[in-house]
Amino acid sequence: MRFDFTDDQYALRDGAREFFEGECTPEHVRAMWEHETGVSEARWKQLADTGFVGLTIPEEYGGLGLGAVDLVLLLEEAGYAGLPEPLLETAAVVAPVLAAHASEATKDEWLSRLATGEALATVAYDRAGDGRWLAAQGHVVDLVLVLDGEACHLVAAEECTVEPQATLDRGRRVAALSIDTGDATRLGDAEAAAETRDRVAAGAAAVLNGVSRRLLDLTIAHVSEREQFGRPVGSFQAVKHKLAETKLLVESARPATWYAAYAIDEGRIDRARAASVAKAYASDAAAKANHESLQCHGGIGFTWEHDLHLWLKRASALQRAYGSASNHRARLAAALLD
Amino acid sequence: MRFDFTDDQYALRDGAREFFEGECTPEHVRAMWEHETGVSEARWKQLADTGFVGLTIPEEYGGLGLGAVDLVLLLEEAGYAGLPEPLLETAAVVAPVLAAHASEATKDEWLSRLATGEALATVAYDRAGDGRWLAAQGHVVDLVLVLDGEACHLVAAEECTVEPQATLDRGRRVAALSIDTGDATRLGDAEAAAETRDRVAAGAAAVLNGVSRRLLDLTIAHVSEREQFGRPVGSFQAVKHKLAETKLLVESARPATWYAAYAIDEGRIDRARAASVAKAYASDAAAKANHESLQCHGGIGFTWEHDLHLWLKRASALQRAYGSASNHRARLAAALLD
Amino acid sequence: MDLRLTDQQQAFRDEVREWLATNVPAEALPPSSTAEGLEAHRAWERRLYEAGYAAIHWPTAYGGRDADLLTQAIFSEEYARAGAPHRINVLALGLAGPVLIDYGTEDQKRRWLPGILSCDEIWSQGFSEPDAGSDLAALKTTAVREGDELVVNGQKIWTTLGRFADWIFALVRTNRDAPKHQGITFVMIPMDSPGIEVRPIMQINEDPGFSEVFFSDVRVPVDHVVGEIDDGWRIAMATLGYERGTGLGNHVRFSQNVDELIALARAEGADRDPLVRDRIAQRFVETEVFRHHTYRGLTRMASGEGLGPEASLNKLYWSEMETRIFEDGLDLMGASAQLSDEADTPSAVDEWHKRYWYARASRIYAGTSEIQKNIIAERVLGLPKEPRG
Amino acid sequence: MDLRLTDQQQAFRDEVREWLATNVPAEALPPSSTAEGLEAHRAWERRLYEAGYAAIHWPTAYGGRDADLLTQAIFSEEYARAGAPHRINVLALGLAGPVLIDYGTEDQKRRWLPGILSCDEIWSQGFSEPDAGSDLAALKTTAVREGDELVVNGQKIWTTLGRFADWIFALVRTNRDAPKHQGITFVMIPMDSPGIEVRPIMQINEDPGFSEVFFSDVRVPVDHVVGEIDDGWRIAMATLGYERGTGLGNHVRFSQNVDELIALARAEGADRDPLVRDRIAQRFVETEVFRHHTYRGLTRMASGEGLGPEASLNKLYWSEMETRIFEDGLDLMGASAQLSDEADTPSAVDEWHKRYWYARASRIYAGTSEIQKNIIAERVLGLPKEPRG
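Protein sequence lines, in the order shown, are assigned to chains E, R, H and X.
Under full-length UniProt numbering, the letters of the first sequence match residues 1 to 338, in that order.
Under full-length UniProt numbering, the letters of the second sequence match residues 1 to 338, in that order.
Under full-length UniProt numbering, the letters of the third sequence match residues 1 to 389, in that order.
Under full-length UniProt numbering, the letters of the fourth sequence match residues 1 to 389, in that order.
Worth flagging that the hints you see were computed from the coordinates, not collected in a lab.
Backbone N, C-alpha and C define an ideal beta-carbon position, used for all residues, glycine too.
Hints are supplied without guarantee of correctness; some may be wrong.
Derived lysine-lysine pairs resembling DSS-like cross-links, with alpha carbons at most 30 Å apart [to be verified]:
1. H:K180 <-> H:K354
2. H:K385 <-> X:K354
3. H:K140 <-> H:K180
4. H:K385 <-> H:K354
5. X:K354 <-> X:K385
6. E:K45 <-> E:K107
7. X:K109 <-> X:K354
8. X:K354 <-> X:K180
9. X:K385 <-> H:K140
10. H:K385 <-> H:K109
11. X:K109 <-> X:K140
12. R:K45 <-> R:K107
13. X:K140 <-> H:K385
14. X:K385 <-> H:K180
15. H:K385 <-> X:K109
Quick partial rundown of chain E residues pointing at chain H, CB under 10 Å, derived from the structure [said to hold, decoys possible]:
16. T167
17. I220
18. S224
19. F229
20. K242
Distance ranges between label pairs, derived from CB positions [said to hold, decoys possible]:
21. X:E27 <-> R:S178: 26 to 36 Å
22. X:N153 <-> R:E18: 44 to 54 Å
23. E:R226 <-> X:E228: 42 to 52 Å
24. X:V222 <-> E:A11: 30 to 40 Å
25. E:D8 <-> X:Q8: 20 to 30 Å
26. R:D148 <-> H:L275: 24 to 34 Å
27. R:S224 <-> X:A263: 43 to 53 Å
28. R:G22 <-> H:A61: 32 to 42 Å
29. R:E225 <-> X:E206: 35 to 45 Å
30. X:D131 <-> R:E191: 52 to 62 Å
31. E:R226 <-> H:R234: 20 to 30 Å
32. X:E106 <-> R:S224: 27 to 37 Å
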């Protein structure tokens, strides 16, 4: 019984952290807000070259052949850094689902290209009210994995009608996709769909945990420095208690998310529950981090020039995307009570 | 436009306060815990003699012929004092409903006896799971007003099967009543039932507000005196903020409850909404007062000999009786959304 | 307890309602943060002025109607119900004007009050500073007297309409040796004075409504000081009392917000969802409770009792409530809440976001929620003060 | 990451599970606060002792099994799953025993450890005092040395099993002139010493499990002092570390509580109510998160890392979670929650109330939630300390 990562996994995490500290600073994230597509092809290529993008892709297709547990800390770091590119969708969802459920021909067609960073993928999980799908970075991807109730579909982006949307978080844009699905596009069976749903939830939880950590770190730095009434804001008990409560939620969300990744890798019987537990809890933790961090920053946190809002908006989007906390609780209630 | 009480109403409130300060001290309330019936006939008689019990009974039956607004501050004081006797049920519900909806014969039979304190009344509103009714002080009353869905019934207690229950709050005991109702027992029409429901909700909210105020006052006294780490507990910001939040809820609940009483007296179109708003909000405020008061007391608050628990348990009971906050919200949602 | 209006009040309500029904523009005006929008808002203010509605709470002698609090409340409620344009010169009508009326010389009143009333001159407020924040009296902007002038240096932040304002009423430190709350002066400064630079603050809702204002050797005639030099803190504190009349229509707005939430729930097909219903009902409960609280406070104020520190309960209540209303709206939208524009929703998602951020800002400005709780704890509940660090 | 057990661990689990299945009494024992219940619990402890399960975490040399943390966790989980009786001598097994093992003389170990293991001697803890509360070091009970004896005067509160205990391990002040955290001594006192008076504390759940203990000129041999005189605070602080192994089975209990909540919802016919479902799901989420958090902490401790101040996160988490679980149960019962006995509910309402109050007490004892938050803020997050008053 060992609930911890291996040295190799920590080394991967450290590598990702170092990469993001160099290539995905707040200034880089900000640059994407004004960028034409909001996605840096160069950074994605670098991420692929380091092996991060292809981490979960079998070695025969040029990936590292690793699993969800290996990836989960990287996703957290991506959230911490505010990475705009669809690492979550590509590496945590589409690649492993393809590897497990796609035909050889499909795998041959896509996996190597995903591993090299030549192709990007996203997940159509959230529906807009009008029957279209909202998909992260849908305007720049090549491949779309559609999760439609009990079925998965795989569709090339060029076969979809893609309409880029204005988003609150311009560092993670969303496109509205109209997608024709049918027998020809179906990928795998109901299990593929169930697995996709769980991978999305667990992966999104991991990214959210990184976002929440960043919100907390930015806030700790602020309240330790900012003085009011002759003392640091962070020395006031009200501020301390808010941030202690936030820390409690954020730190608790992390092992639950790691366990969900483990349950996915091991095909554990409680995989679906674990994924929903992770996303529900991580979403609520992010909401708390969002609230307290802005409140503790005071006026400066409302300014565009302060970095806080980059993560506030990411938290707000991911908290409600890929199943909100209450969606996932409803799913758990069905499992527990029906 | 004057949202305030008259001097006469304040004088009545002061009279009640003075009466309770003399006749319903914590020691008196405690004595009822060990008392055979848990109800002091002597105190009830005194309450009747001062006119408080018959406040809402028409003058021709020996009452004061006043309304819900005149009574609401008395109910609050009764909650503040922890009064065990069924003033809420008798004076805020049964008496005015009888006066408005009963036949002359029924009024002749009961109203004078209620006004003199000779007869006690209660309300069967909450159902136990087994079809019986839970009624406050049902083991000592003479008359029961039953609120069964869309109909009101009036039944003499001697015609019910009355089973006294062990209650958490032995200062306000509950009996389980088996009651036969039918056309013969019916009182008034659907309006009588609706009015009863609203009177119960608004009256219970008023008593709860008094209970919450007492919890808050006990706590303020404790934290102002008790020292920890060389300073009064109440000087810690965490304690201050908890109590400030509690004060906010409790003080906000009061005008909403007063308005509900006014809406009842004036037959306002939003009477039902106002009553549910009051009970929903007062219940949540009481839950908050319950939580923070015990937490701020620390260990001493868990001892039987400290008075706090007399009000903690009253709050807990009344918060869930006569429609919980979520019951009343469901009723409001139906009014707003259906 | 009597919540009916007198015949006279009813007549005033009818008059206001009718005037608004006839005069409120059918289309929402462009945002006042744009030059075009500002002109449209000025025109609207002028119309109010001409109808005698610009500042009904001012004394008749200065162009008001000497309206009592209840009459003000009636006006504010009707104004909110009619969905009339937001008022752009509120800081002048609500703060600078009353300060002048109470503390200004006759010359000062004559100089500034008419322009405020007609909205020919727009005012901003220069109280907040970057290093002061909640601790307003920590302000550092200095004014040194040189002959008949004050020479002002420093920086103000969060000034509304900074780019468009004609005047700013500011607190400046005139005596550095005095204790923190003394040595502060209340002064009126023309925004076109040499040495003033205005930099818009881009907010996270992408609204450039606020500015930073920098003062470099800005020279202001000494007769622009209101009250005495070094006596400005007392006047600043008095302005807190003026705000009591400003929120009288707020409860109407919050009830409207709940109606919008209901419309949103219907549009999203979520109005049968019991979780959604429970939350909407709770928001309704909160707005109703607030309405009663408002009327209760109004009666107390009308009978001459001040609200005092209980005003903090009010501020804390509505700012937290408002945040929850708009957060519920975003939750209702689900994943679509991440979009910043979507024509399908009854109230555009953009508008929800903007109001959501405003609501969250309301927990910071005019005394953070934490400061309100301190005030409630110490001044309403009488809890012992914290030891000073 | 590998959550499987080794073959050896699996074998131990099977062994424990089987033993418990055979030995756990089918009927719950009477409450240990009664004389009859105490005897039943003593008999059960004796059985555990004879099977070698009394204190598996103790060194083999003193009758334990030298079990590592994972093995302890396995035992605790199985013990909780089996619904075995609560342990009555936990303070001795978990605190007094380890203190003796780490700080006691050989004579002291020989004198006390066997009686602890066999439960022939029951121990209570004398740390808390009425005027100290959260500020443990403010304790006032004094011990003055007279020859080979200490003379103890003062009062302890919240001592478990006070009426039945044979011994109390207490902190007493031996030097009034020393700074607050010095001059404190850790001493073992026989409860039948002349001058000791025990008064049961009636709690609001009507449970008389705790007592006040009064000391009047109680004479204790100096060789009952553990460690050095005036060096007791260090030992008291060390006991905090011993508690790390005590909560290892808690997550099982909380998951069981959620199962009970589900059974209650079904019995009340509320399991289709979406509001109830949402809350139950949230309680499930919280208990699952806690389970993972427990395993994570276990791994860290097993690999030699201390939990340090992060233990505060753990305490804060479960005490708040537990309160919510039982509060939800009361909400489910609705108006029936005011009854103190009702046979119809799957878990008697009495039992819910009792556990509800216990849960609320858990937010106070062993460091209030507020103190845990201070610790997290200052020692985990590194926020600046409050100025001292």
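These are the hints, each one checked on the structure:
1. Note on K180 of chain H and K354 of chain H: the hinted pairing is violated, with a Cα-Cα distance of about 37 Å set against a maximum of 30 Å.
2. Distance check on the hinted pair: K385 of chain H and K354 of chain X sit about 37 Å apart at the alpha-carbon level, beyond 30 Å; violated.
3. At most 30 Å may separate the alpha-carbon atoms for a hinted pair to count; K140 of chain H and K180 of chain H meet this at roughly 10 Å.
4. Taking the CA atoms of K385 of chain H and K354 of chain H, the gap is about 37 Å. The hint is violated against a cut of 30 Å.
5. Straight-line distance between C-alpha atoms of K354 of chain X and K385 of chain X comes to about 37 Å, which puts the hinted pair past the 30 Å bound.
6. Under the criterion of a C-alpha separation no larger than 30 Å, the hint pairing K45 of chain E with K107 of chain E is consistent with the structure, at around 20 Å.
7. Note on K109 of chain X and K354 of chain X: the hinted pairing is violated, with a Cα-Cα distance of about 37 Å set against a maximum of 30 Å.
8. With a CA separation close to 37 Å, the supplied pair K354 of chain X and K180 of chain X exceeds the 30 Å bound.
9. Proximity of K385 of chain X to K140 of chain H is assessed by CA-CA distance (about 27 Å); at most 30 Å being required, the pair is judged to hold.
10. Only pairs whose Cα atoms come within 30 Å are accepted, and K385 of chain H paired with K109 of chain H is rejected, the gap being roughly 41 Å.
11. With a C-alpha separation of about 28 Å, the suggested pair K109 of chain X and K140 of chain X falls inside the 30 Å cut-off, and the hint holds.
12. The suggested pairing of K45 of chain R with K107 of chain R holds, with an alpha-carbon distance near 20 Å, which does not exceed 30 Å.
13. Only pairs whose Cα atoms come within 30 Å are accepted, and K140 of chain X paired with K385 of chain H is accepted, the gap being roughly 27 Å.
14. For the hint linking K385 of chain X to K180 of chain H, the alpha-carbon distance of about 25 Å falls within 30 Å, and the restraint holds.
15. For the hint pairing K385 of chain H with K109 of chain X, the CA-to-CA distance comes to about 50 Å; that exceeds 30 Å, so the pair is violated.
16. With its C-beta approaching chain H no nearer than about 6 Å, T167 of chain E sits inside the 10 Å limit, and its interface hint holds.
17. Residue-level restraint check for I220 of chain E is violated (minimum Cβ-Cβ distance to chain H is 17 Å; threshold 10 Å).
18. Checking S224 of chain E against chain H by beta carbon gives a least distance of about 15 Å; that is not within 10 Å, so the hint is violated.
19. The closest approach between the C-beta of F229 of chain E and any C-beta of chain H is roughly 5 Å, which is under the 10 Å cut-off, so the hint is satisfied.
20. This hint holds: K242 of chain E has a C-beta 9 Å from the nearest C-beta of chain H, less than the 10 Å allowed.
21. Distance hint for E27 of chain X and S178 of chain R: a CB-CB separation of about 33 Å, consistent with the stated range 26 to 36 Å.
22. The given range of 44 to 54 Å is respected by N153 of chain X and E18 of chain R, whose C-beta atoms sit roughly 45 Å from each other.
23. Evaluation of the 42 to 52 Å hint for R226 of chain E and E228 of chain X yields a pass: the beta carbon distance comes to about 46 Å.
24. Look at V222 of chain X against A11 of chain E: about 57 Å separates their beta carbons, and that is not inside 30 to 40 Å.
25. Distance hint check for D8 of chain E and Q8 of chain X: the Cβ-Cβ separation is about 26 Å, which falls inside the suggested range of 20 to 30 Å.
26. For D148 of chain R and L275 of chain H, the Cβ-Cβ distance of about 29 Å falls inside the hinted range of 24 to 34 Å, so the restraint holds.
27. The hint said 43 to 53 Å for the Cβ distance between S224 of chain R and A263 of chain X, and at roughly 44 Å that hint holds.
28. Checking the proposed 32 to 42 Å range against G22 of chain R and A61 of chain H shows it is violated: the Cβ atoms sit about 55 Å from each other.
29. Checked against the hint of 35 to 45 Å, the pair E225 of chain R and E206 of chain X fails, with Cβ atoms roughly 27 Å apart.
30. For the pair D131 of chain X and E191 of chain R, the beta carbons lie near 60 Å from each other, so the given range of 52 to 62 Å is met.
31. Separated by about 28 Å at the C-beta atoms, R226 of chain E and R234 of chain H satisfy the suggested range of 20 to 30 Å.
32. Separation of E106 of chain X from S224 of chain R is about 52 Å and departs from the stated range, judged on CB atoms against 27 to 37 Å.
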